[in-house]
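Visitor: Here the protein sequences come in this chain order: A and B.
First residue of the first sequence: 1, per the numbering used here; consecutive thereafter.
First residue of the second sequence: 291, per the numbering used here; consecutive thereafter.
Treat the hints with caution; some may be incorrect.
[As the list claims (entries may be wrong)] Computed footprint of chain A on chain B, listed as stretches where at least three residues anywhere in the stretch have a Cβ under 8 angstroms from a Cβ of chain A:
1) 316-322
2) 375-387
[Stated by the list, open to error] Computed cross-link-like contacts, DSBU-like style, restricted to lysine-lysine with a CA-CA straight-line distance of at most 30 angstroms:
3) A:192 - B:475
4) B:391 - A:284
5) A:284 - B:412
6) A:204 - B:412
7) B:296 - A:192
8) B:391 - A:204
9) A:284 - B:426
10) B:391 - A:192
11) A:192 - B:326
12) B:426 - B:296
13) A:192 - B:426
14) B:412 - A:192
15) A:204 - B:426
Hint data in this document are derived by calculation from the structure and do not stem from the laboratory.
Note that CB positions come from ideal geometry on N, CA and C, so glycine has one too.
This is what each chain is made of:
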Amino acid sequence: MRWFRLRAVPVISVLLALIVVWYVAAVWMNSQWTLDQAARAETTPGFTEIVKDTMVQERPKLPAPHQVAVSFYDLVFDKKVTSKRSLVYHAWVTLSATLFGFAIGTGLGIALALGIVHNRAMDMSVMPWAIASQTIPILAIAPMIIVVLNSIGITGLVPKAVISAYLSFFPVVVGMVAGLRSPDAMQLDLMKTYNASATQVLFKLRLPASMPFLFASLKVGIAAALVGAVVGELPVQQGGLGARLLGGSYYGQTIQMWAALFMAAILAAVLVFIVARVEAGVLKRMGMAR
Amino acid sequence: MDDQNKVIAARNLDLVFPTSDGDVHALSNVDLEVNKGDFVSFIGPSGCGKTTFLRCIAGLETATGGTLSVNGMSPEEARNARAYGYVFQAAGLYPWRTIGKNIQLPLEIMGFDREERESRMKRVLQLVDLEGFDGKYPWQLSGGMQQRASIARALAFDADILLMDEPFGALDEIVRDHLNEQLLKLWARTEKTICFVTHSIPEAVYLSTRIVVMSPRPGRITEVIESPLPRDRPLDIRDSAAFIEIAHRVREGLRAGHGDDV
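Chain B on its own, in the form it takes in the complex:
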C-alpha cells in the first residue's frame, strides 16, 4: 500500500453481534493504525471489544462495517499468507503431542518437510528458553512453561505479527513478571509487530510502545497513549516516575471511558 510501515489499519470498524437479547455493539467506529515493529497493548474492562478487535485482525470474526487491512490485505488473505501467529489465553497444547510435536503442528499443517520442522522447532524453543523440553508432554511442564511453548508454536512459521490475547492472564504475578521480561527480549530479537490484549495496567505500560484504552457498550477506543519509555526496559523501570505517570494516564483513561458504570 502507500505506506509500507503500516501493518494493521482499521477505519470506522464496526461489529454488531445479533443475539436473542437484541444487538450487541461489540465494536464501534474503531480507527487504529499499527506500524511495523510496534508493541501495541489493548486494555479495558470486559466487554470493551479488545479481544473482538484482535479476532477481527486474525480473521476469526468479520466486521460488519468499515475497513480493516492487515499487511495491505484483507484479514482472511493475510491469514492465508501466514501473516500472524495467535497466542490464546490458555496454552491449548495437545496433550497427546510432546512439546516438540505441538510446536510442529502448524508446520505440519502448512506442509513443511520433516527436517525443516525439526530445525524450526529447535530454534523457537531456544527463543522461549525451553531448549531440551521438546520430548516432554505438556502436563510435565508448569503453566508458565506451557504458555512459553504456545508462544514458540506461534513463532514457528515466521509470521511478522504476533497477536496475543491475555496470554499471561491465568498465571501468577511472579511468573507473569518473568514472562513479560522474556517477551520484551523476544520482541527485541525478532522485531515482530505485537498486538497484546491485557487486563493489567502495569503489564500494558511495561510492555507497550502504544497503549490503546478501550471502553464498553459500545466497544470503542477512548484513548491511544504513546509511551515515552525506551525500548530497552529492565523490570525496575516500573518504579520510575515516567512509568508511574503513564500508568496514571491509563487509569484516568479507563475511568473516563467507564462513565458512571463503576
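In isolation and in its complexed conformation, chain A is listed as follows:
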C-alpha cells in the first residue's frame, strides 16, 4: 500500500494528465478536417458530433490514444512476428542494429578513454575530434555513411550499427575518461609507494573506480544507439522502426507512425532498464551499493 502511494500514484497521475491533454489536442487538431468535410456535405455538425468524428478518423493529424493503442495491439499481437507488418519484426530489426552498434560504440569508447588517460598525445588530440563528431547533425551524416559503405559492398545491419556506434561511443568516452581519472592524488601516490606498474594501477584502481561512471554513460549510450539505428533505417527502407516511421509519413499513416514511435520508446525504456539492473547487480557485487 505504501509502495502504491509513493511510487504508483505519482506515475499514474502524470500518465492520466498526459492522456487528457492528448485527447484535448486530438479533438482540437482533427476538428478542422471534420468541419471541412461537413462544409463539403453542407451540414453543420454539433459539438458532440465533431468530438465523435475526431476520434475515429482514418488519417487524423493526431490520432487519439485509443486508436494508437488498438493499432499497436493489432500490429504487435495479431500479426505473425515474421510478417513485415508486425511491429515485433521491425523492433527486432532495429534492436539487432542497436545492440551491435552499442557493442562497437562501447568498445571504441572505452578504448579511446584508455588511450586518452594513458597517452599524452591522445589526451591532447582525441577529445576535440570526439566533440566535433557530435556537433555534426546525425541526419546529415547517416545517408553518407550508408552510401559510402554501400559502395564498398557493405549493406544491411553493419551500416546501421556504424551509425549507432557513432552516437553511442561519445558518452562512453566522456564518462570513462572522468571515471579513469576519478582516483585522487593520494590514491595514486599510494599505488606509487607499492611500485605498482601502470597496468596494475589500471586494473586495481582506475577500472574499478570508473564503474559507476561507465554505467551512467552506458545508459545514455544505449538510448543514443537506438536513435542511431532508427536514423540509419530512414534512408534505407528495408525494415526496422525507422523505416516504419518514414513509410507512415509518406502515406499519411499517422496511426502506424505513432504505434512505431511507441514501440521505439518502449524498446528504449527496456534497454535502459536492463542496463540499470546490470549496474545495480555489478555495484552490489563490488560492495559499492549500500
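Use these hints to put chain B onto chain A, whose structure you have.
Guide: Quick look at chain B alone, frame taken from chain A:
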C-alpha cells in the same frame, strides 16, 4: 653503509618547487639522521615542509639539492626494496574491496601468493585489533577503524620503516588518544622505525623519541628535541612534569621559528 643503525640520512637537502608565482622553497638545508627503532615526529605550521620531507623519504618527491639515503640507498631504490609503508591522512581504503582485500592490495601488487596474503592479512589485522573485520566493507567501519586498517595495510609487507602523514589528523580527540596508545604498543611490538607528521604538540610529545620542529618560508628544521621520556608510556604520562616540560620546549621552538608571522 658505515653505520648500520642509520635508517634515514639527509644532508643539506633542498627542494624548490617552481610555480607560476615564482619558486617555492619547500625544503632548505635539511640535515637529519634517523636511527633504527626511532619514533621521530615532525611538527610545524602548514608550509613548513614536514609532509614534503616525508614524501622525499618515500621517493614521491625528488629533492633538488643535497643527499638523502634510506637504508643506505636512494629513496627510489629503497621504495623498490619495499623499505617503507606509507600511511596517509585519509585511510584511502578502496570502497569496492573488503577490509581483508584492501590489506591484501599491496601484497597482490608485490606478487605474494594467495595463502601468504591471507596469513599476512590475518596477522596485521590482529596487530591493529581488527580481527574478524576482514569481510567488512570500509563504509561499515568507523573512521578510526578505517585508519587502523590502513595502518595494517602499510604493515602487511614487512617494511622496516613506517611513514605516517598526519594519520590521525581527521579524527576526534578521544579516538586519537586511543589510537596513539595503540600505535605505541604496535611500535614496541614490531620495532619499526616510525616517521610521523603531526600538527599536535601533545601527540608529538606523547609518541616520539625525537621531535623535529620545523618552520616555513623556507621550510627548514629549527630544532631537534630528544625526549627523555621512557619508551613505555601510559596515557597519563601526559600529566607528568617531564611531559609538560618537553611540550613547553616544542611550543617555544615553534614560536621561535615562526618569527613575526603570527
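Visitor: Compare the structure with the hints numbered earlier in the document and write down the numbers of the violated ones, lowest to highest.
Guide: 1, 12
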